[in-house]
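Chemist: Spelled out, the chains give:
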Amino acid sequence: MVIISLIFMAGCENQAIVNNESENQTPNQVEKSFISVSEYNELINGQNFKTGVLNISRKDDYIYLSMNISISPELEEIMMNTKEEFYFNFADIEGRDSLTKVIAETPTFIEGDLEKLKDGDNYLISQQIKIKPDISSIEIKEILSPEIYELQVLDENGQLVAVTIGLDINLIY
Amino acid sequence: LKTIKFSALAALTLGFSIFSLTPTSLAYASKGDSPPIITHEKQGDLDITSYYYENPVSYDFKIQETDSITPFYIPIEPEYLVTTTSKYKKKSWGTVIKNDSSVNDSVTKTVSRTTFANGSIGASAETAVNWKLIQGKVGIKGEVSWGASTTTSISYTWNLPARTTTTIATGSMAVLTTGSIVKYKLGKVSSRTPVNADYSYDEYSDKVSKPL
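These protein sequence lines map, in sequence, to chains C and H.
Take 585 as the starting number for the first sequence in my numbering and just add one per residue.
Take -10 as the starting number for the second sequence in my numbering and just add one per residue.
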């Protein structure tokens, strides 16, 4: 009997916590709370997510990529309230291999921590990539060209959810 | 042939309209393929013509070099002897966008791409082993397990320069290979099973902008 009562009380306590959480949430918060970036990839579009021109420099066996992105306040709030992590990554445009064939080490994804990436009104994302030491001058010229790259947004499992192509074209005015 | 389906979520949510198409300048539909569905629309300064193929178009075939030297030793394990292997692109839509304004613009589309691996690679009990042999010999790993077909949804945004016409196509990079799975017993060929495999290994996106 004692055991049954304890189980019953424990159940009531858990229920109370759930109810309190529900009461504290406004309908808006519920709507804008997502577990994974993959649940709203259609919102990562040209209206909400704009890119500047990709800057690329090279020093020794590394290339350094950096670019401004502008995120609308609506998408910004959604991304900041996404439970699981998400990532940004620069890569070859799909189906091409100018970068892939000269990479020496798989680069680390850029964590989608928007507070850390904030840079004035926009966000600054940057990534360094180690390249092979013996690549040709033609290959170097290729990987220093922003038009060969795409910006990827990846979910918590590293799965591709959104892509921006045309990083040689400024869309931030 | 697998069909790539398109999602209208992004367009409906944020005011973009869905366009699903394929320009004849990009695609080479083989005889017997159903004609593309063509749509035309205007979004601000953007003039968009889209082409959607119900049956994805296979094109840009390139023969893949494969090591065909016969080993001087007698293999013990079964192996895949390649007859031909080709890499190709499989596209179900494309679009031509004219940006007749003095500012850069962009267009977004949510695309569901189908990954696939199918064909005929021997008795069902042997498919797992044979699938590994084929991928190992071809040197290109498939995206899904044998016989599987999955669909992933990706939001694509293309930035468009001012005063240009941009042609875009996306789809799957795929491999088509034919050959034989050969088994050996006591130094001699004991069986030879003709096989063929058609599988996707990556996605692609082609974009070309030309001044107006």
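Keep in mind that the hints were calculated from the coordinates and are not lab data.
Note that the structure is predicted; figures quoted are calculated from it, not measured.
There could be a bad hint or two in this list.
Dumping the calculated DMTMM-like pairs for lysine to aspartate or glutamate here, alpha-carbon to alpha-carbon at most 20 Å [claimed, not checked]: (1) H:87 to C:726; (2) C:685 to H:34; (3) H:51 to C:681; (4) C:685 to H:30; (5) C:714 to C:726; (6) H:196 to H:54; (7) C:725 to C:644; (8) H:76 to C:681; (9) H:126 to H:195; (10) C:685 to H:195; (11) C:700 to C:658; (12) C:643 to C:705; (13) H:196 to C:752.
Chemist: Given the hint that residue 51 of chain H pairs with residue 681 of chain C, does the C-alpha gap stay at or below 20 Å?
Modeler: OK: residue 51 of chain H and residue 681 of chain C at ~16 Å, within 20 Å.
Chemist: Is the hinted pair residue 196 of chain H and residue 752 of chain C satisfied, with a Cα-Cα distance of at most 20 Å?
Modeler: Holds: residue 196 of chain H and residue 752 of chain C sit about 13 Å apart, inside 20 Å.
Chemist: Check the hint pairing residue 87 of chain H with residue 726 of chain C against an upper bound of 20 Å on the C-alpha distance.
Modeler: violated (27 Å)
Chemist: Check the hint pairing residue 700 of chain C with residue 658 of chain C against an upper bound of 20 Å on the C-alpha distance.
Modeler: holds (19 Å)
Chemist: Just to be careful, I want the Cα atoms of residue 643 of chain C and residue 705 of chain C compared with a cutoff of 20 Å; is the pair within it?
Modeler: violated (29 Å)
Chemist: Hinted pair, alpha-carbon criterion (20 Å max): residue 714 of chain C, residue 726 of chain C. Please report holds or violated.
Modeler: OK: residue 714 of chain C and residue 726 of chain C at ~15 Å, within 20 Å.
Chemist: Decide if the proposed pair is consistent with the structure: residue 126 of chain H and residue 195 of chain H, CA atoms, cutoff 20 Å inclusive.
Modeler: Violated, at roughly 28 Å.
Chemist: Is the Cα-Cα distance between residue 685 of chain C and residue 34 of chain H 20 Å or less?
Modeler: The hint is violated at about 38 Å.
Chemist: Does residue 195 of chain H sit within 20 Å of residue 685 of chain C, going by the straight-line distance between their CA atoms?
Modeler: This hinted pair holds, its Cα atoms lying about 19 Å apart.
Chemist: Between residue 685 of chain C and residue 30 of chain H, is the straight-line Cα distance small enough, at 20 Å or below?
Modeler: Not OK: residue 685 of chain C and residue 30 of chain H at ~39 Å, beyond 20 Å, violated.
Chemist: Going straight from one Cα to the other, do residue 725 of chain C and residue 644 of chain C come out at no more than 20 Å?
Modeler: holds (14 Å)
Chemist: Within a Cα-Cα threshold of 20 Å, do residue 196 of chain H and residue 54 of chain H meet the stated pairing?
Modeler: violated (27 Å)
The earlier numbered hints that this structure contradicts are 1, 2, 4, 6, 9, 12.
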